[in-house]
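In our numbering, the protein residues as written are 1 to 552.
Since the hints were made in silico from the structure, they are not lab data. Remember, it's a predicted structure, so these values are computed and weren't measured experimentally. Positions of the beta carbon are idealized from the N, C-alpha and C atoms, including for glycine. Among these hints, one or two may not hold up.
[Said to hold, decoys possible] Only pairs whose alpha carbons sit at most 27 Å apart, straight line, appear in this in silico BS3-like list of lysine-lysine:
| hint | residue 1 | residue 2 |
| --- | --- | --- |
| 1 | K186 | K110 |
| 2 | K121 | K186 |
| 3 | K325 | K157 |
[What the hints assert, rightly or not] Here are the in silico distance ranges between beta carbons for each label pair:
| hint | residue 1 | residue 2 | range |
| --- | --- | --- | --- |
| 4 | S174 | G331 | 41 to 49 Å |
| 5 | D433 | R236 | 26 to 34 Å |
| 6 | P148 | P307 | 25 to 33 Å |
| 7 | Q158 | D433 | 41 to 49 Å |
| 8 | P337 | M493 | 54 to 62 Å |
| 9 | C131 | K110 | 15 to 23 Å |
| 10 | S324 | A79 | 43 to 51 Å |
| 11 | P337 | P239 | 39 to 47 Å |
| 12 | R412 | D69 | 39 to 47 Å |
| 13 | R412 | S354 | 34 to 42 Å |
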Amino acid sequence: MRKQYVYLITFSLVFNVGLTKRLIKASIPNSNQQALGNVQGALRLGRTNQDLVPDASSDHPLVLSNLEDQPLCHPDQPASPVKNLKVLPGYEYFVLTNQITGPKKIIMDKANHLLVVSANKGIYSVRMDKCGNANLQQILDADLFDEPFGNGLALYKQYLYMTTSKSMYRFPYSDGQHSPLTSGVKIMSNIYSASSIETPDVAIDMFGYAYIPRTVNELHDRLDPSHATIKRFDFRFIPENGYDFEVDGQVFSVGTNTRGLLGFDAQANLWGISGLLSTSFQRQDMGLDEEQSSSVFAEELNKYNEPAKSYGFPYCLTEHSMASKVAKGLGGQWGHPMFMNSSFSLDDYCQDPSNNIPPAAPLAPNEYASSVHFYTGTFCSMGDLSTAGTSVGLPCNWTNTPVVANHGLEGRQAGHSVVHLPFDDLNHKPRWDKQPEILLEQSEPCLQSPCFSPFGLAHDDYGRLYVSSDETNEVIVFRRTYSEMAAQTLTNMMEQTKDTAENIQPEGKDEKVDKEKDKPVNKEEDQVANKDSKPEHKEEDKVENKDEQRRQ
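Modelling step: build the complete structure from the supplied sequences, incorporating the hints.
Here is the structure:
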């Protein structure tokens, strides 16, 4: 009986130990196995951490450079651009389509499927292969609405959100959908008044918060910052009767007067463009006439990361380049002459960040910037002009940095370009000391419409940049020039640099080693020296111990 009892206890212990090991092993994928499965230079994304993307912050980002992975082919029937374009050396482009009238905002869904807003027609679905052979389908007709069609377009969960000039609607949507949108519901009203001609945008972050700007297009002395705002709404829980823009939502920022399209960076910070209104003005105290004023004050790229704060409109202006004795330099803040009076220093007011948050980056005047887009690093590339790119994607060091579409105006040379703004990697701030990199621009000055007029920006799973040009009815694909040997060439260059560094000894190191070798070694002398250096207190210690014992 006792043996059976011991046997049962032993079997129970073995079973419990085995079960515990199995449970621990099953829990490892959520902790240690992820660490073991990490790939140097890459990040795992998604709920199951199965999506592997390059880590652009790594010294050596993982790059996908296999020839068979690259979309190197071109459309079967390539279209010529309406206007000749200059492209950044080391890059190339092609026209995806020129069959959509006035393309504005463009977004890419999770199926690598492009959606395009046409101001006059509605919404188009663009289904394409990796070569750029596109099939177009209109999935929403603008004539279905009794209000002017807006530019706003966003995806969140299983819905597509779009705007008119006054309202917002929601439609069920599946990634890659190429069929008409149905069962739409109005979810917001009163974005603008009935007489407004504005076309609002909408941007929805990963947490389900929607940001909707309200702007003004005419400057007058009765304006204040509350007329140009961005409001935030919770789209996770939309009321049964929808939102009323006037009374619902949270005022996220004031004094913004954003123009064109909003964008998010990788940290879900909201960014937008603020431009000067066409109303002429002058600052005689600064030695500027009307023509000079329009060329020395900047358009602005703003980062809206301080809720409920004012970003300066309509009271404040940002200096770009001013040949004046009173110039403060790039980014200096000045009061708008329309709102100045002798009893109050508007310049001092504007220069106080608690009253007016200055822009993240001053943009060149008269470019008429229309949108900002942050590249996520998908399929990013490495290399330079001598090696070409390891993939067709944008550079890895452009990850989480903005590309800006400069729409431009007819008859003006400024604008009509797409640029990349250099950023400080460590602080994630624009580098004011560096000029923007021009990716695409019209070769000749825009003297007569139609001109290359970029408006919307997006990128696909291959890291290629998509650009809509509303005047030329084009959607253009911009990509890096690929070389099958780029990755190997870069690896060889890095190894050569490493070998060179290892072969170079620091100055004075060899001399120190030689001195150590020449130093005489005498073990006996060392032992004697060590022996003599030890204090001899043994006899004294014994006497003290005896005295201590007597006292006890």
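Comparing the hints with the structure gives:
{"no.": "1", "hint": "K186 with K110", "result": "25 Å, holds"}
{"no.": "2", "hint": "K121 with K186", "result": "19 Å, holds"}
{"no.": "3", "hint": "K325 with K157", "result": "55 Å, violated"}
{"no.": "4", "hint": "S174 with G331: 41 to 49 Å", "result": "45 Å, holds"}
{"no.": "5", "hint": "D433 with R236: 26 to 34 Å", "result": "42 Å, violated"}
{"no.": "6", "hint": "P148 with P307: 25 to 33 Å", "result": "30 Å, holds"}
{"no.": "7", "hint": "Q158 with D433: 41 to 49 Å", "result": "45 Å, holds"}
{"no.": "8", "hint": "P337 with M493: 54 to 62 Å", "result": "56 Å, holds"}
{"no.": "9", "hint": "C131 with K110: 15 to 23 Å", "result": "21 Å, holds"}
{"no.": "10", "hint": "S324 with A79: 43 to 51 Å", "result": "48 Å, holds"}
{"no.": "11", "hint": "P337 with P239: 39 to 47 Å", "result": "44 Å, holds"}
{"no.": "12", "hint": "R412 with D69: 39 to 47 Å", "result": "42 Å, holds"}
{"no.": "13", "hint": "R412 with S354: 34 to 42 Å", "result": "36 Å, holds"}
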